[in-house]
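Chemist: Sequence:
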Amino acid sequence: MLDIRLIRESPEFVRERLATRGTELAQLIDQVLEIDSERRRLETQLQQLSAERNRLSKQIGMLRSNNEPSSAPEAKVRAMGEEIAGLTQAVAAADESQRNLLLGIPNLPHPNATIGADASANPEVRTWGEKPVFNYQPLDHVDLGARLGLFDLERAAKISGSGFVCFTNLGARLQRGLIQFLLDLHTIEHGYVEICPPHLVRRECMVGTGQLPKFEEDAYGLEEGQTFLIPTAEVPLTNLHREEILSYRELPKYFVAHTPCFRREAGSAGRDTRGIIRIHQFDKVELVKVTRPETSYEELEKLTADAENVLKILGLHYRVIELCTGDLGFSMSKTYDLEVWAPGQGRYLEVSSCSNAEDFQARRMNLKFKDSDGKNRFCHTLNGSGTALARLYVALVETCQQPDGSILIPEPLRDYVRVKEIR
RNA sequence: GGUGAGGUGGCUGAGUGGUCGAAAGCGGCGCUUUGCUAAAGCGUUGUACUCUUUAUCGGGUACCGAGGGUUCGAAUCCCUCCCUCACCGCCA
1 MLDIRLIRES PEFVRERLAT RGTELAQLID QVLEIDSERR RLETQLQQLS AERNRLSKQI
61 GMLRSNNEPS SAPEAKVRAM GEEIAGLTQA VAAADESQRN LLLGIPNLPH PNATIGADAS
121 ANPEVRTWGE KPVFNYQPLD HVDLGARLGL FDLERAAKIS GSGFVCFTNL GARLQRGLIQ
181 FLLDLHTIEH GYVEICPPHL VRRECMVGTG QLPKFEEDAY GLEEGQTFLI PTAEVPLTNL
241 HREEILSYRE LPKYFVAHTP CFRREAGSAG RDTRGIIRIH QFDKVELVKV TRPETSYEEL
301 EKLTADAENV LKILGLHYRV IELCTGDLGF SMSKTYDLEV WAPGQGRYLE VSSCSNAEDF
361 QARRMNLKFK DSDGKNRFCH TLNGSGTALA RLYVALVETC QQPDGSILIP EPLRDYVRVK
421 EIR
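Position 291, counted from 1, in the first sequence is what this note's numbering calls 291; the numbers after and before it change by one each time, with no gaps.
The reader is advised that the hints may include incorrect statements.
What the hints assert, rightly or not - Subject to a maximum C-alpha distance of 30 Å in a straight line, what follows is the list of computed DSS-like cross-link-like pairs (lysine-lysine):
1. Lys375 / Lys302
2. Lys302 / Lys312
3. Lys420 / Lys131
The set of hints was computed from the structure by calculation and includes no laboratory data.
Based on the sequences and whatever the hints tell you, model everything.
Modeler: What follows is the structure in structure tokens.
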């Protein structure tokens, strides 16, 4: 949520920055401003009336305790009642529509962000490693998986529908080993606190991180939309301290969690239909940071490096791209995507998205900290996949395949998978 | 799912219709005293919004789990919901 004061005081600035996202938002800003001034007009009026009523009520109390007649001020207050009730309602209505409008406005892109319309304008920041060379046509994960019995897509479809996977045997163990490896890496080496959060969250948490109210069709809702299956652990982790005032001494906070992620993929039917690249339920190890505003961009670089470290240790070639203004997610000011090379696909797969939401989410969830000068300020929140399992899995088996169709488990994973090869 | 108890400021905890944003204590902050520490005394100490202001200061409104109701007036009375605790039932 943007700060209404910023919009009020610098509407041009806000309009320009939002325009770089490429969607038409200027009109929304006009609407917010209109409601804001109306809201304040009503509120001022209400407050003046309330002050008058309080003054009279106090007088009535004093008159009564002195056994003096109080019917005159009582009549006055009674006469005010209806107007106050009406104004109270009007203010509440204006408040609500202002908030609803604000909840639908995306975050401002970082001032240094590359201006661009879509993903094709995303600049490459760096690459690591090189595409592995095969002297044969590498198999993709679907063929490898079928050959080695790593997962069963047909039976998953039978029990759950299309877009689900059922890992089997060593394929399941590889998945479990990867999870363990990732959690160990981020807790022991990178200093994150491990959290095992609920996978079902209240509606307001989804609003807090920005999935709602705009993108309800992407989420699995239960109990008439009051709770939701999490689309990412970003939701429970970032909301952990919602409606709290932390001490500046506690910041930054680092959280890591492994959870399944549930997504309807409403807008992407027909895309990535083969294999496990885009499915309705996948596992992910997620990193979340809550920081002071002064350090959040520094922390974003560190968080991205922590995610990159996963791919480095596993020896997977990847590139880091920065999302341009038109490709930036709703809640984010700046995002780096990590894309890992998948030889069987012949393309890069997004396995991590590392973002700084600045105070956008904190404002929605009322997450503050008390600074050293005693002032309450909104925290900055960051998150990044560390990493998405299904796609990491794809890149790993496709990269580590051998000519005979077996998979050589990378050295750092062997203690977790307990085999050297899957054949 | 059932029954009972309860949710008040950073914490403990008073307050059962009026002058209560809320006693008292603890904690925090400031000052004084003091060789240091400790202790004591005095003062101060919530959040949001809004008006005024360059800003501070200041004025006002709201907030005693949330929402609604009764009333001239609600922390206090009534209703609904949420949450916590205890016990019972069912179940991993």
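Chemist: Now tell me, hint by hint, if it's right for this structure.
Modeler: Hints versus structure:
no.: 1; hint: Lys375 / Lys302; verdict: holds (27 Å)
no.: 2; hint: Lys302 / Lys312; verdict: holds (15 Å)
no.: 3; hint: Lys420 / Lys131; verdict: holds (22 Å)
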